[in-house]
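Please construct the entire structure, taking both the sequences and the accompanying hints into account.
Read off the chains here:
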Amino acid sequence: MAAPERVSVVAAGVVTPIGQDLEAFWSSLVTGVSGISQIERVPVADLRVQRGGEVKKVSRIKDWRGVPDCRATRLLVAAADDLCVQTAFRPLPLDPPRVGVVVGTALGGVEEGERVLAGESARRLRDALYDGPGDRLARWLGARGPVITVSTACASGATALAMGAELLRRGEADAVVAGGYDVLCRFVLRGFDALRSLTRDEVRPFDRRRTGLLLGEAGALALLMRERDVTGRRLGTLLGYGSASDGFHIAAPEPEGRGLERAIASALADAGVSARDIDLVSAHGTATPLNDRIETAALKRALGARAYQVPVNSIKAGLGHTMGAAAALEAFMCLLAAQRGLIPPTLNLEDPDPECDLDYVPGQARVGRPRLMLSTSMGFGGCNGALVLEAA
Amino acid sequence: MTVAPAIRALGFLSGQSQADAGAAAGILALPRPNRVGDRFRRTTRECLLALAAVDAMLEDGMVGREAIAGDRTALQYVTAAAYAASNREFIERRGGVMHFAYTAPAVVSAEVAIEFGITGPYGILIGGAPATLRAIEQSARLLETGRCDRALVLVVEVFEECADLYARHRRFDRRPLVETAACLWLERGQGDLRFESTRRAGAAGDASRGAERFAAGPLADLREWLDRERAGPLELSGRWRGEHARLRWSTEGSHARGSAA
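Those sequence lines, one after another, are chains A and B. In terms of the working numbering, the first sequence has 94 at position 94, counting the first letter as 1, and numbering is strictly consecutive. In terms of the working numbering, the second sequence has 120 at position 120, counting the first letter as 1, and numbering is strictly consecutive.
There could be a bad hint or two in this list.
Said to hold, decoys possible - Looking from chain B toward chain A, a few residues come up when the C-beta cut is under 10 Å (computed):
| id | residue |
| --- | --- |
| 1 | E92 |
| 2 | P105 |
| 3 | V108 |
| 4 | A110 |
| 5 | E115 |
| 6 | P130 |
| 7 | C162 |
| 8 | A167 |
| 9 | R200 |
What the hints assert, rightly or not - Here are the computed distance ranges between Cβ atoms for each label pair:
| id | chain 1 | residue 1 | chain 2 | residue 2 | range |
| --- | --- | --- | --- | --- | --- |
| 10 | A | R340 | B | G26 | 52 to 58 Å |
| 11 | A | L290 | B | V63 | 43 to 49 Å |
| 12 | B | G70 | A | R301 | 16 to 22 Å |
| 13 | B | G146 | A | A252 | 53 to 59 Å |
| 14 | A | R276 | B | A167 | 57 to 63 Å |
| 15 | A | D351 | B | T198 | 53 to 59 Å |
| 16 | B | T198 | A | R65 | 48 to 54 Å |
No lab work stands behind these hints, which were simulated from the structure alone. For glycine and all other residues, C-beta sits at the position ideal for the given N, C-alpha and C.
See the structure below:
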């Protein structure tokens, strides 16, 4: 069988609580900047936890004409603007029907639904449906190829990148803008508050004292192209993807992490590499008591002895859990680590949990130039996803 | 082009055949299925309908639930709007009553995975009819590449809980919205499957249909084709947000095998 078509991550654009372009995002990751703050955009006085990774002002775009007053759409467009600046991608250098858009989200434009129910115009329903913001992004880009929205909960960003690669491999598009987004709104803040998943402390992935996560918001998009079509610089290669369902519980992860283990095995097989080849793991690492222990166990089984030999980091302590954007941001972190020769630290990890006994890069960024990276994701409904990425 | 999958079975529940005189204007609703067990006490109507659609599919295939259990079964879930009902309930009850996790689209396929022990590859697409056609095509690829032995395409659309909102939106107020829960079972087949998609400006839904089913339209057409004893070529199509998509089975593929209809 012929080797699968290789797909390049040509460039990436982001808007996050720690930076509104890729350089600022990277700089904050390696210097340990935290984007966690008191939430200001929506009322939170009635909530147990009132902090998160909020983007205070989407400052990189001055003129929002033609873009609806929809937070989700604006995060996506801002991330796309960063991507365009880096790639000179807008206006499109390609035939618009050959440019696709694939975005992942856990919440879509649910905030627009809140506004309609609060009495605002029913026209907002168009954006309240979860595929609304992705459709708006495609219009802003002028892309007229496939436009797809996936919602595999907090694994959505990984699913979107993989699906974008698939569109290229089967020739449905020549370029795909793919990634994820989600916003901090009353809906999700109240929901996680009710679930008691949020911490009043710092987010401490893999730490003995960890007590939960904080939410964040972000938009994260990559330009994907077939490797043979790329002539200039690129960030790296999307080598493989795997997914598996827990089939266990709607909100809790399967206690042994078997679904994540299957997703990792599937991603390694898809990439045509073995566990021994992996040099860096970007963990889901939410800092909930259950997640970190289960993820550690799954990594040990999936990677064997290699799990103890490679750095495993989580970037959620500084960003918050950005849900649909998380896996895309973590994939970009992996590729930037390979390009820059630095591995960002896991913030707030000071007292390691004995049950989490891998090398989680505590303290400071570490010099290292990984070649092959694994990024893992877990979400509501037992959605597990894994990506394998290769340095440029 | 992909190897065309064989259609093993189709479970199809439609509000069109169960129109309730008390239903909201413009909505042909499906009743909330009864399901025994403490686990289902808080489960949403869309989740219960998904489970009922899988039950109907197993009945159509004349097999027990063990036939789809395990990690060799892939599950693709598609909806344009089924999550809106639980979103609204969570928003208006101000949290606490409704379990927040049920607002996630992923939970519908999760309930199916839990109930039937499905642990293989999965995907969840949000969109109208073209998303369903894409899910079928993706399932065919998973089968072709050996990532699974069987693939289920699950589609659920419910509207009743948000009937007043749809009535306020000019794009959804012209034709009846028909609630649907359907599950299609695909296996390896032969022949070709061709997926085509183009985009141009257009309405949100599919103006060519008398009723609006959002993502479920193609499976309603498939049900009709199966009811016609597979007469003629199988071609499914649909529109959503300006995308026009079409999925064509070659004749030999569509007749390869299967017990549905």
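For each hint, the structure was consulted:
no.: 1; hint: E92; verdict: 7 Å, holds
no.: 2; hint: P105; verdict: 5 Å, holds
no.: 3; hint: V108; verdict: 8 Å, holds
no.: 4; hint: A110; verdict: 3 Å, holds
no.: 5; hint: E115; verdict: 9 Å, holds
no.: 6; hint: P130; verdict: 8 Å, holds
no.: 7; hint: C162; verdict: 9 Å, holds
no.: 8; hint: A167; verdict: 9 Å, holds
no.: 9; hint: R200; verdict: 8 Å, holds
no.: 10; hint: A:R340 to B:G26: 52 to 58 Å; verdict: 57 Å, holds
no.: 11; hint: A:L290 to B:V63: 43 to 49 Å; verdict: 36 Å, violated
no.: 12; hint: B:G70 to A:R301: 16 to 22 Å; verdict: 19 Å, holds
no.: 13; hint: B:G146 to A:A252: 53 to 59 Å; verdict: 31 Å, violated
no.: 14; hint: A:R276 to B:A167: 57 to 63 Å; verdict: 60 Å, holds
no.: 15; hint: A:D351 to B:T198: 53 to 59 Å; verdict: 57 Å, holds
no.: 16; hint: B:T198 to A:R65: 48 to 54 Å; verdict: 28 Å, violated
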